[in-house]
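Colleague: Letter by letter, the chains look like this.
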Amino acid sequence: MSQKNRIAGGQIDRAKTLKFSFDGRSYAGHPGDTLASALLANGVRLMGRSFKYHRPRGALSAGSEEPNALVELRGGARQEPNTRATTVELFDGLLAKSQNRMGSLRFDLLAINDRLSNFLTAGFYYKTFMWPAAFWEKLYEPVIRKAAGLGSLSGKDDPDVYDKGFLHCDLLIIGAGPAGLAAALTAGRAGADVILADEDFSMGGRLNSETFAVGDRSGADWAAQTVAELASLSNVRLMPRTTIIGAFDHGTYGGLERVSDHLHSPDAGKPRQILWRIYAKRALLCAGATERPIAFDNNDRPGVMLGAALRTYANRFGAAADRRVAIFTNNDDGHRTARDLHAKGVRISAVVDVRPDAPLHPDYQVLRGAQVVDTRGRLGLSFIDVRQADGTMRVVECGALGVSGGWNPNVHLTCHQRGLPVWDDAIAAFVPGENLPVGMAVAGAANGVFTTAGALRSGAAGAVAALDLGQTPDLPQTEDAPVNITPFWYVKGCARAWLDQQNDVTVKDVKLSHQEGFRSVEHLKRYTTLGMATDQGKTSNMGGLAIMAELAGKTIPQVGTTIFRPPYTPTAIGAFAGRHRGQGFHPTRLTPSHKWAQEQGAVFVEVGNWMRAQWFPQPGETHWRQSVDREVLATRKSVGVCDVTTLGKIDVQGTDAAAFLNTIYCNGFAKLAVGKVRYGLMLREDGIAMDDGTAARLAEDHFVVTTTTANALPVYRHMEFVHQCLFPDLDVQLISTTEAWAQYAVAGPNSRKLLEKIVDQDISNAAFPFMACANITVCGGLRARLFRISFSGELAYEIAVPTMYGDALIRRIMAEGAEFGVTPYGTEALGVMRIEKGHATGNEINGTTTAQNLGMGRMVSTKKDSIGAVLSRREGLNRADDLRQVGIKPVDPAEKVPAGAHLMNAQGPVDAVHDQGYVTSACYSPNLGHHIALGFLKNGGNRIGEELRLVSPLTGVETRVEIVSPHFIDPEGERLRA
Amino acid sequence: MIIDHPLLGPRDAAEFTYMGDAKLIDRPDPDADTAAQDFHDYAYLRDNPAGWHQELWFHEAGDRSWLVVTRNTLTHEISKVELARDVARSRGRNK
Numbered sequence: 002m003s004q005k006n007r008i009a010g011g012q013i014d015r016a017k018t019l020k021f022s023f024d025g026r027s028y029a030g031h032p033g034d035t036l037a038s039a040l041l042a043n044g045v046r047l048m049g050r051s052f053k054y055h056r057p058r059g060a061l062s063a064g065s066e067e068p069n070a071l072v073e074l075r076g077g078a079r080q081e082p083n084t085r086a087t088t089v090e091l092f093d094g095l096l097a098k099s100q101n102r103m104g105s106l107r108f109d110l111l112a113i114n115d116r117l118s119n120f121l122t123a124g125f126y127y128k129t130f131m132w133p134a135a136f137w138e139k140l141y142e143p144v145i146r147k148a149a150g151l152g153s154l155s156g157k158d159d160p161d162v163y164d165k166g167f168l169h170c171d172l173l174i175i176g177a178g179p180a181g182l183a184a185a186l187t188a189g190r191a192g193a194d195v196i197l198a199d200e201d202f203s204m205g206g207r208l209n210s211e212t213f214a215v216g217d218r219s220g221a222d223w224a225a226q227t228v229a230e231l232a233s234l235s236n237v238r239l240m241p242r243t244t245i246i247g248a249f250d251h252g253t254y255g256g257l258e259r260v261s262d263h264l265h266s267p268d269a270g271k272p273r274q275i276l277w278r279i280y281a282k283r284a285l286l287c288a289g290a291t292e293r294p295i296a297f298d299n300n301d302r303p304g305v306m307l308g309a310a311l312r313t314y315a316n317r318f319g320a321a322a323d324r325r326v327a328i329f330t331n332n333d334d335g336h337r338t339a340r341d342l343h344a345k346g347v348r349i350s351a352v353v354d355v356r357p358d359a360p361l362h363p364d365y366q367v368l369r370g371a372q373v374v375d376t377r378g379r380l381g382l383s384f385i386d387v388r389q390a391d392g393t394m395r396v397v398e399c400g401a402l403g404v405s406g407g408w409n410p411n412v413h414l415t416c417h418q419r420g421l422p423v424w425d426d427a428i429a430a431f432v433p434g435e436n437l438p439v440g441m442a443v444a445g446a447a448n449g450v451f452t453t454a455g456a457l458r459s460g461a462a463g464a465v466a467a468l469d470l471g472q473t474p475d476l477p478q479t480e481d482a483p484v485n486i487t488p489f490w491y492v493k494g495c496a497r498a499w500l501d502q503q504n505d506v507t508v509k510d511v512k513l514s515h516q517e518g519f520r521s522v523e524h525l526k527r528y529t530t531l532g533m534a535t536d537q538g539k540t541s542n543m544g545g546l547a548i549m550a551e552l553a554g555k556t557i558p559q560v561g562t563t564i565f566r567p568p569y570t571p572t573a574i575g576a577f578a579g580r581h582r583g584q585g586f587h588p589t590r591l592t593p594s595h596k597w598a599q600e601q602g603a604v605f606v607e608v609g610n611w612m613r614a615q616w617f618p619q620p621g622e623t624h625w626r627q628s629v630d631r632e633v634l635a636t637r638k639s640v641g642v643c644d645v646t647t648l649g650k651i652d653v654q655g656t657d658a659a660a661f662l663n664t665i666y667c668n669g670f671a672k673l674a675v676g677k678v679r680y681g682l683m684l685r686e687d688g689i690a691m692d693d694g695t696a697a698r699l700a701e702d703h704f705v706v707t708t709t710t711a712n713a714l715p716v717y718r719h720m721e722f723v724h725q726c727l728f729p730d731l732d733v734q735l736i737s738t739t740e741a742w743a744q745y746a747v748a749g750p751n752s753r754k755l756l757e758k759i760v761d762q763d764i765s766n767a768a769f770p771f772m773a774c775a776n777i778t779v780c781g782g783l784r785a786r787l788f789r790i791s792f793s794g795e796l797a798y799e800i801a802v803p804t805m806y807g808d809a810l811i812r813r814i815m816a817e818g819a820e821f822g823v824t825p826y827g828t829e830a831l832g833v834m835r836i837e838k839g840h841a842t843g844n845e846i847n848g849t850t851t852a853q854n855l856g857m858g859r860m861v862s863t864k865k866d867s868i869g870a871v872l873s874r875r876e877g878l879n880r881a882d883d884l885r886q887v888g889i890k891p892v893d894p895a896e897k898v899p900a901g902a903h904l905m906n907a908q909g910p911v912d913a914v915h916d917q918g919y920v921t922s923a924c925y926s927p928n929l930g931h932h933i934a935l936g937f938l939k940n941g942g943n944r945i946g947e948e949l950r951l952v953s954p955l956t957g958v959e960t961r962v963e964i965v966s967p968h969f970i971d972p973e974g975e976r977l978r979a
Numbered sequence: 216m217i218i219d220h221p222l223l224g225p226r227d228a229a230e231f232t233y234m235g236d237a238k239l240i241d242r243p244d245p246d247a248d249t250a251a252q253d254f255h256d257y258a259y260l261r262d263n264p265a266g267w268h269q270e271l272w273f274h275e276a277g278d279r280s281w282l283v284v285t286r287n288t289l290t291h292e293i294s295k296v297e298l299a300r301d302v303a304r305s306r307g308r309n310k
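Protein chains in written order, with this note's numbering: chain S, 2 to 979; chain E, 216 to 310.
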């Protein structure tokens with residue numbers, strides 16, 4: 002198809018033709034085009050349907066502020082909804098579809114909504130779908146979701162990679178228009194580390210869209226020449242296609258670089274996008290300004306566009322929205338559009354200027370003091386109705402109307418750190434206030450300086466000030482016309498005049514919301530949804546504010562703006578996730594025996610970031626319980642082995658190491674002999690139990706502390722706090738050695754016999770009794786540590802070797818243990834054995850329980866100070882009927898004991914008031930042949946033998962249970978000492 | 216945010232873990248007659264100022280120093296960063 006609206010000039014490469022498709026039809030464009038410019042060049046004005054009323058819409062703008070021309074890009078897994086056709090860079094084979102329609106774009110069945118518009122006004126969700134309540138979820142919401150909304154996702158995994166990166170610079174320049182380029186040139190020539198970022202693929206900003214000269218050449222040529230010089234400077238990093246999406250604390254900026262979006266698919270090894278975190282000593286915001294429309298009845302027809310956008314399409318892209326164009330303006334910039342288009346051979350039907358003193362032009366008619374009051378044309382503009390200064394009506398034929406209501410400085414990033422913009426009467430717009438983000442300054446149109454010469458000057462001056470350079474460089478002569486504007490926001494009419502075209506909010510909606518009492522600008526926004534669409538109201542907010550001010554009898558600055566929040570433009574969630582998705586969501590930590598366990602066919606479970614073997618299925622075992630029961634029985638009968646590397650290990654050294662542990666643990670450590678291990682309980686300062694573990698004294702000034710897997714980090718942090726903040730002069734050094742040592746529990750009556758084959762030293766009961774520890778060697782000289790401690794309740798050891806030998810050690814243990822039938826066991830069997838033994842873990846030390854609750858009240862030493870000791874003695878934590886850890890077994894051995902269930906008296910009501918306690922851990926005990934549990938029971942220590950009811954209203958379970966000692970196995974601890 | 220570590224220079228706040236009010240350094244005397252009340256206040260009562268605040272940050276992904284950071288909670292401006300052990304010593308927490 003021919004490019005019927007392609008006109009001369011522009012910065013497109015006409016030597017090459019790109020094929021693309023929109024809604025299944027093929028078109029041609031050129032490198033340098035956007036999707037929108039190429040569609041306009043092909044005579045396509047209709048690009049989408051509106052959100053609520055399904056009205057036909059076309060591109061309003063030529064940039065990232067676009068509310069209407071949202072399309073679905075690409076197909077398959079790469080399908081991307083809601084991309085702005087005005088920023089999509091054309092590439093060969095580009096595939097785009099219009100969205101939010103039922104049927105075709107030209108005959109959208111849901112356009113019926115437009116006829117129902119009286120019903121679909123502001124707040125219609127709140128008013129209409131109130132009842133019956135059940136209808137909301139089942140009927141209203143699904144129907145509304147189908148009818149409204151924008152594009153759709155593919156539902157498939159995103160095949161592309163997103164990266165994150167970090168950059169540092171002396172000066173970050175945001176925007177590469179005249180101000181940004183002048184700043185970059187000044188700073189770059191001075192040798193500073195400069196980053197120049199621009200959301201566009203072609204740097205130059207408005208210089209690429211205007212016809213006036215800069216120095217002795219065109220603005221676009223000057224921009225290209227400047228960019229070329231900047232590219233030659235090694236201290237300047239040019240970042241086109243990069244949107245600075247937010248200004249964060251202390252000079253940190255978020256930048257989204259679209260590395261591959263302009264390609265059919267990313268090159269091999271390249272990410273689709275990179276989210277940069279930029280640390281900038283200083284930043285200069287040169288983000289330019291956004292033109293705003295004027296609202297009038299039916300101002301949303303395809304062809305009604307921003308005036309400067311028409312200029313951009315003509316001058317930069319060589320595309321006319323139509324061959325016959327009218328202009329509606331309240332300022333001189335509209336006349337610039339008319340002049341440029343006229344010079345390109347586009348016919349100017351009329352320039353409608355609300356000002357009675359508007360400048361005239363010899364070649365086309367200027368209607369002074371006139372207003373556009375309505376438009377006509379079903380799927381695109383055909384005529385406008387103009388009310389002239391004398392009140393008479395006139396019809397003007399045109400296929401495009403350029404609307405120019407003035408320019409709003411892009412102050413967004415100046416407000417990301419709570420800054421508020423201030424009103425400037427001279428340009429009738431908000432400009433940045435004084436409370437800018439740390440290190441930021443603003444130059445050019447973003448600061449309300451609307452002339453090109455002014456932009457160059459303020460950009461260069463901004464760089465000089467930021468870097469303390471002393472003198473401003475020579476700048477080329479260029480356009481320096483004053484701004485002439487008469488604020489004018491909307492034409493009073495009787496039909497609908499659109500403010501927010503993306504969310505379908507009209508002038509009438511704003512009036513209705515005011516009438517219904519929504520007086521705050523933030524309430525207006527939420528009630529009408531004005532400015533809440535993906536464009537964040539870049540072209541609509543000001544109009545809404547102005548109308549609200551008029552209704553309230555206030556000035557615009559009195560009404561104020563809503564808060565600008567990052568991101569500046571919509572940003573794919575994938576970019577924020579970066580590589581942190583799927584397997585990369587968090588690091589995976591593997592135990593030293595992982596490879597070996599995989600070979601055994603272990604089933605793994607995630608514990609924190611660790612992958613731990615949960616059980617080791619044997620041939621013929623079809624249910625996990627079979628494996629776990631076998632592992633438990635084999636360990637208690639002979640010997641089992643389990644990787645316990647994941648438990649936290651903290652090395653504590655120094656002459657005050659014992660004194661330090663005496664402070665950390667509630668029980669005493671000062672007198673622990675060298676070569677001995679002691680169980681220790683840590684309290685928080687409020688007297689609640691924090692964590693438990695062991696401390697082994699390997700030397701007078703050297704302890705090894707263990708923590709639970711989950712608390713390895715918090716306990717280490719706590720110990721450093723106690724040392725550095727509370728007792729800074731104690732001679733003690735702490736270091737986490739969790740990853741440095743591979744550690745295995747070897748448990749069961751044959752554990753000594755097995756280890757004797759590996760350990761080089763005498764580990765007989767006499768030489769190495771219960772709770773002994775030592776630095777030893779294994780396998781004829783490899784350094785190792787041995788601890789005679791037991792979590793399972795059996796004769797047991799934990800043996801540690803440097804991590805690099807962990808794999809070898811597990812294989813050696815399995816080989817040497819073959820004669821005893823050594824059985825590897827996983828975390829499930831570990832849990833069963835500790836419940837059988839009545840040992841507490843995180844289920845019991847759960848952040849609400851005290852030493853007394855855990856049955857360890859007497860461990861809290863009264864002879865010394867320790868963290869939590871004082872508050873653990875509080876009356877409220879020491880009541881006679883406090884919760885106490887108990888064992889629980891079902892009266893009927895066939896019954897289960899559900900974890901989380903609550904204990905109730907045998908008789909009486911079942912409610913929270915009569916609650917007696919709860920179950921924390923439960924399992925099937927293969928040794929006892931029935932289920933068992935641990936739990937907390939009021940006055941539990943005195944209720945052994947009592948029968949209670951265990952209820953779980955959630956699952957409907959009610960079971961009779963008996964309270965027993967929590968030590969189901971070997972309560973006297975004889976096995977440990979064997 | 217960027218925290219200017221006294222030993223390591225400016226570091227991103229993401230490397231740190233936050234613990235709140237630096238008054239936690241002033242652990243009461245456990246042997247005082249008023250110890251129960253003192254520890255109650257120490258454990259539970261915190262000011263929540265809108266403005267300058269001294270707070271504890273732990274350089275967990277760094278050198279494991281506890282720092283006392285003087286930060287404005289309204290603007291996030293940081294005016295001073297000290298090693299917590301120096302602050303503790305200056306407040307009399309010697310052996």
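Be careful, since some hints might not be right.
To be verified - Pairs of lysine to aspartate or glutamate, DMTMM-like flavour, derived with a Cα cap of 25 Å: (1) S:K865 / E:D253; (2) E:K238 / S:D93; (3) S:K493 / S:D630; (4) S:K509 / S:D375; (5) S:K865 / E:D248; (6) S:K493 / S:D364; (7) S:K677 / S:D761; (8) S:K865 / E:D219; (9) S:K282 / E:E297; (10) S:K864 / E:D241; (11) E:K238 / E:D248; (12) S:K939 / S:D893; (13) S:K864 / E:E297; (14) S:K282 / S:E435; (15) S:K282 / S:D164; (16) E:K295 / S:D171; (17) S:K864 / E:D256; (18) S:K345 / S:D333; (19) S:K672 / E:D219; (20) E:K238 / S:D866; (21) S:K865 / E:D256; (22) S:K282 / S:D250; (23) S:K282 / E:D248; (24) S:K282 / E:D246; (25) S:K165 / E:D248; (26) S:K758 / S:E975; (27) S:K165 / E:E297; (28) S:K165 / E:E275.
Calculated directly from the structure, the hints in this document are not laboratory data. If you're wondering where the values come from, they're calculated on a predicted model, not measured in any experiment.
Colleague: Hint check: K282 (chain S) vs D164 (chain S), CA-CA at most 25 Å. Holds or violated?
Modeller: Given pair K282 (chain S), D164 (chain S) holds - Cα atoms ~24 Å apart, limit 25 Å.
Colleague: CA of K238 (chain E) to CA of D93 (chain S), is that 25 Å or under?
Modeller: 64 Å, violated
Colleague: Hint check: K238 (chain E) vs D248 (chain E), CA-CA at most 25 Å. Holds or violated?
Modeller: 21 Å, holds
Colleague: Verify the proposed pairing of K165 (chain S) with E297 (chain E), using a straight-line Cα cut of 25 Å.
Modeller: Status violated; Cα separation ~31 Å.
Colleague: Given the hint that K165 (chain S) pairs with D248 (chain E), test it: the Cα-Cα distance must not exceed 25 Å.
Modeller: The hint is violated at about 56 Å.
Colleague: Below or equal to 25 Å on CA atoms is what counts here, so check K282 (chain S) against D248 (chain E).
Modeller: Violated, because 53 Å separates the two Cα atoms, which is more than 25 Å.
Colleague: Does D333 (chain S) sit within 25 Å of K345 (chain S), going by the straight-line distance between their CA atoms?
Modeller: Distance of about 19 Å is within 25 Å: holds.
Colleague: Holds or violated: K864 (chain S) with E297 (chain E), Cα cutoff 25 Å?
Modeller: Status violated; Cα separation ~35 Å.
Colleague: Taken at face value, is the distance from the CA of E975 (chain S) to the CA of K758 (chain S) at most 25 Å?
Modeller: 24 Å, holds
Colleague: Would you check the hint for K282 (chain S) and E297 (chain E), treating anything up to 25 Å between C-alpha atoms as holding?
Modeller: 22 Å, holds
Colleague: Does D761 (chain S) sit within 25 Å of K677 (chain S), going by the straight-line distance between their CA atoms?
Modeller: At roughly 19 Å apart (the allowed maximum being 25 Å), D761 (chain S) and K677 (chain S) satisfy the hint.
Colleague: Would the pair K865 (chain S) and D256 (chain E) pass a check requiring their Cα atoms to be no farther apart than 25 Å?
Modeller: Roughly 21 Å between the alpha carbons, so the hint for K865 (chain S) and D256 (chain E) holds.
In summary, the numbered hints that this structure violates are 2, 3, 6, 8, 13, 19, 23, 24, 25 and 27.
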